[in-house]
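Asker: Next come the chains, spelled out residue by residue.
Number of protein chains: 2
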Amino acid sequence: MNGKKLNIGLFGFGTVGCGLYDVLKRIGSKNVEIKRICVRDLSKQRPIDAEFTDNADDIFNDPDINFIVELIDDADAAYTIVKRALQMSLPVVSGNKKMLAHHIEELIELQARYNVALLYDASACGSIPVIRNLEEYYDNDLLTSVKGILNGSSNFILSKIFNEKMSYADALKLAQDLGFAESNPSLDIDGWDSLFKLIIITIHAFGLYVAPEDIFTYGISNMNDADIRFANEKERRFKLVAHVEKLQGNKLIMSVMPQLISRNKYIYSVEDEFNGVVIKGLFYDKQFMFGRGAGGYPTGSAVLSDITACLYDYKYEYKKRNDSQMPTYTTDHSFRVYYRYSDYADLDLVKFESVSENYISDEYKYVVGKVSLRELHKVQDELRKRNVFIAAYPND
Amino acid sequence: MNGKKLNIGLFGFGTVGCGLYDVLKRIGSKNVEIKRICVRDLSKQRPIDAEFTDNADDIFNDPDINFIVELIDDADAAYTIVKRALQMSLPVVSGNKKMLAHHIEELIELQARYNVALLYDASACGSIPVIRNLEEYYDNDLLTSVKGILNGSSNFILSKIFNEKMSYADALKLAQDLGFAESNPSLDIDGWDSLFKLIIITIHAFGLYVAPEDIFTYGISNMNDADIRFANEKERRFKLVAHVEKLQGNKLIMSVMPQLISRNKYIYSVEDEFNGVVIKGLFYDKQFMFGRGAGGYPTGSAVLSDITACLYDYKYEYKKRNDSQMPTYTTDHSFRVYYRYSDYADLDLVKFESVSENYISDEYKYVVGKVSLRELHKVQDELRKRNVFIAAYPND
Numbered sequence: 001m002n003g004k005k006l007n008i009g010l011f012g013f014g015t016v017g018c019g020l021y022d023v024l025k026r027i028g029s030k031n032v033e034i035k036r037i038c039v040r041d042l043s044k045q046r047p048i049d050a051e052f053t054d055n056a057d058d059i060f061n062d063p064d065i066n067f068i069v070e071l072i073d074d075a076d077a078a079y080t081i082v083k084r085a086l087q088m089s090l091p092v093v094s095g096n097k098k099m100l101a102h103h104i105e106e107l108i109e110l111q112a113r114y115n116v117a118l119l120y121d122a123s124a125c126g127s128i129p130v131i132r133n134l135e136e137y138y139d140n141d142l143l144t145s146v147k148g149i150l151n152g153s154s155n156f157i158l159s160k161i162f163n164e165k166m167s168y169a170d171a172l173k174l175a176q177d178l179g180f181a182e183s184n185p186s187l188d189i190d191g192w193d194s195l196f197k198l199i200i201i202t203i204h205a206f207g208l209y210v211a212p213e214d215i216f217t218y219g220i221s222n223m224n225d226a227d228i229r230f231a232n233e234k235e236r237r238f239k240l241v242a243h244v245e246k247l248q249g250n251k252l253i254m255s256v257m258p259q260l261i262s263r264n265k266y267i268y269s270v271e272d273e274f275n276g277v278v279i280k281g282l283f284y285d286k287q288f289m290f291g292r293g294a295g296g297y298p299t300g301s302a303v304l305s306d307i308t309a310c311l312y313d314y315k316y317e318y319k320k321r322n323d324s325q326m327p328t329y330t331t332d333h334s335f336r337v338y339y340r341y342s343d344y345a346d347l348d349l350v351k352f353e354s355v356s357e358n359y360i361s362d363e364y365k366y367v368v369g370k371v372s373l374r375e376l377h378k379v380q381d382e383l384r385k386r387n388v389f390i391a392a393y394p395n396d
Numbered sequence: 001m002n003g004k005k006l007n008i009g010l011f012g013f014g015t016v017g018c019g020l021y022d023v024l025k026r027i028g029s030k031n032v033e034i035k036r037i038c039v040r041d042l043s044k045q046r047p048i049d050a051e052f053t054d055n056a057d058d059i060f061n062d063p064d065i066n067f068i069v070e071l072i073d074d075a076d077a078a079y080t081i082v083k084r085a086l087q088m089s090l091p092v093v094s095g096n097k098k099m100l101a102h103h104i105e106e107l108i109e110l111q112a113r114y115n116v117a118l119l120y121d122a123s124a125c126g127s128i129p130v131i132r133n134l135e136e137y138y139d140n141d142l143l144t145s146v147k148g149i150l151n152g153s154s155n156f157i158l159s160k161i162f163n164e165k166m167s168y169a170d171a172l173k174l175a176q177d178l179g180f181a182e183s184n185p186s187l188d189i190d191g192w193d194s195l196f197k198l199i200i201i202t203i204h205a206f207g208l209y210v211a212p213e214d215i216f217t218y219g220i221s222n223m224n225d226a227d228i229r230f231a232n233e234k235e236r237r238f239k240l241v242a243h244v245e246k247l248q249g250n251k252l253i254m255s256v257m258p259q260l261i262s263r264n265k266y267i268y269s270v271e272d273e274f275n276g277v278v279i280k281g282l283f284y285d286k287q288f289m290f291g292r293g294a295g296g297y298p299t300g301s302a303v304l305s306d307i308t309a310c311l312y313d314y315k316y317e318y319k320k321r322n323d324s325q326m327p328t329y330t331t332d333h334s335f336r337v338y339y340r341y342s343d344y345a346d347l348d349l350v351k352f353e354s355v356s357e358n359y360i361s362d363e364y365k366y367v368v369g370k371v372s373l374r375e376l377h378k379v380q381d382e383l384r385k386r387n388v389f390i391a392a393y394p395n396d
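So the sequences go chain by chain: A and B. Using this note's numbering, read the first sequence as starting at 1 and increasing by one per residue. Using this note's numbering, read the second sequence as starting at 1 and increasing by one per residue.
Looking at chain A on its own, in the form it has when it is part of the complex (with noise of 0.2 Å):
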């Protein structure tokens, strides 16, 4: 669509809808217009005037929309308007991670079908354009790992915590107030947001999709003063870490979980909303990219550039999926981990492969041991429900 103009229908009109709203007005782009905006609530009190519907439809028929961006909460929402797109050959952006990390099989499939493109870089990573590097810079290097923190707000609540002693309300409400946090905090706090990201990133590092049930997740909601007190001693922090990495023999590993980061890693320097991803290969060694992972004008402005990138018929190549060395899934990986609890039952729980460390009293019991993601990922529901905390913690 080279020198077309894009007139846009848009779903959702919250932080990041706004944000994209704003940034189109500030540089006044000629090629981009916001046509039409669909939104849950009509009666809502809205600062622009543009035209709004509620009615999906008012989009789908409108002959002059060319393009469809879709920013709503609602994964299943969501999924129907981007799959309805596709299948009438309307390029779409979408930041609905959650649907993608669900769906993104059958949406490769509809993208081919159909000759159309859909881009999500902005649900990625915020303002970070890991996908698109992903895709067309590190093609050829044999990649080995891609870890991050890939949720801003969650990191913004531990920088709170760690830097400014703030408690975790507090800088939970924070998060909010500032508009970082999803509507719904477990996404954030529990893992389920940087899980989705890790789904979408894998499948353009490695070429392999593994759906969200069957990698282990678990989040900073459990961590208590004991925890955070552990973590100083040994001068690290606490970082919530979506992780992918190749091992040995073609097995892909993956996993979101706390993890104890010293001070010499890049990811220790990754403050407040801020994301940070480090991507290593056998060429380029270790490459580090930062940026804000939130808000309205970062993200805004990161889902201009997939619509733009549309304009010059820029499509996501997938060039790992046809890769005839396809690697395998396992969670068959042992590694250390810092595992405090406070009944001895809840020790029971996991089955360390071996122990290093152990202390007990009172107020605070912790082992220090190696452990297996599958032996994690089958108590994962349990984990989450008693009072204990788990975060990972590597020798270096």
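Hints in this document: simulated from the structure, not taken from any laboratory. In this text the structure is predicted, and so the values were computed from the model without any measurement. Virtual Cβ for every residue (Gly too), placed ideally from N, Cα, C. Treat the hints with care, since some could be wrong.
[What the hints assert, rightly or not] Here are some chain B residues the structure puts well away from chain A; computed CB gaps all over 10 Å:
hint : residue
1    : 54
2    : 62
3    : 102
4    : 141
[Stated by the list, open to error] Think about it this way: if two alpha-carbon atoms lie no more than 20 Å apart in a straight line, the pair counts; the simulated PhoX-like pairs of lysine-lysine are:
hint : chain 1 : residue 1 : chain 2 : residue 2
5    : B       : 5         : B       : 30
6    : B       : 265       : A       : 265
7    : A       : 319       : B       : 265
8    : B       : 265       : A       : 315
Position chain B relative to chain A; hints supplied.
Answerer: Okay, now just chain B, sitting in the frame of chain A:
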């Protein structure tokens, strides 16, 4: 040239050329093959068995060769090769920053006239895809500045000096032995290499071309132990920083010079041969990209990314060049510097607008004061010759 096979005519087989060859072999690429290699010295022992020649015609007259990769040291010869390739409508990848920094405007024009691509992402920051990201991803943002450590070997030397108390000469020797340094070390340590990269980056970030001779450029070769002590006392480090920034009134300033960088800055932690670039924009706030800026494998792999981009018909669009609001270049900008000298005559060389610190002893004299880029640029050759050292000393 989608689906086509690239038969490469390669010019130069130094560190990067070798790296490219090894990377290609390692990934077992089927679409990309080095058909023939043109080198200066045919008698030199080569570790591989490929078709070598010392005559450019053998490459340009080979009807099988449909792609040129130019990785030689000599800027004039590189210019001749790249120009000849473009005029034959052969796509080219070039790694010669010096040549690009001098001839980029003509080469942009030739690309348009012959409808053929010249890519050079690998030239600007080794393995960090800064050009590609500026072109494609930050194209909508209202950029305010790009600032970074763009030269791996001078940074390697500074790291060894500051972290391992190595002598300047030993550090330089080590950098050369490891293959990071250019064959002419002045290119690295006097800031020229950073300057050329800055000029290329500025074309893509702001659209404007500024000739090398118009930009204040000053390196680290005059730095002595007293300077290093000064930096340590202030808990800062010297870094050789290339910097372009848009000021109010749509004015652009550019410089390459040492800066006293404080601990809380991203580039403070860029160590050894790594490069780091901070991109600031109105919407994104700031982004930081970090990776290996030198070495055969990382750069060879970056060259391969440029090559395969051509397989997908990728071209730089130079969008900012068509901007009606192109900024104008100025040296009319004052800032704080640290200026160490030995003779009073050397102090008179530079006209300070104000002086806030003045230290005099028999062994060591310096001032801290405000000076304009225009003043510094006027005397830059003199500054290099005399026993003085000057570094930007930002307030933050």
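Asker: Work down the list of hints and note, for each, if the structure agrees.
Answerer: Evaluation of the provided hints:
no.: 1; hint: 54; verdict: 29 Å, holds
no.: 2; hint: 62; verdict: 24 Å, holds
no.: 3; hint: 102; verdict: 26 Å, holds
no.: 4; hint: 141; verdict: 6 Å, violated
no.: 5; hint: B/5 / B/30; verdict: 8 Å, holds
no.: 6; hint: B/265 / A/265; verdict: 15 Å, holds
no.: 7; hint: A/319 / B/265; verdict: 37 Å, violated
no.: 8; hint: B/265 / A/315; verdict: 36 Å, violated
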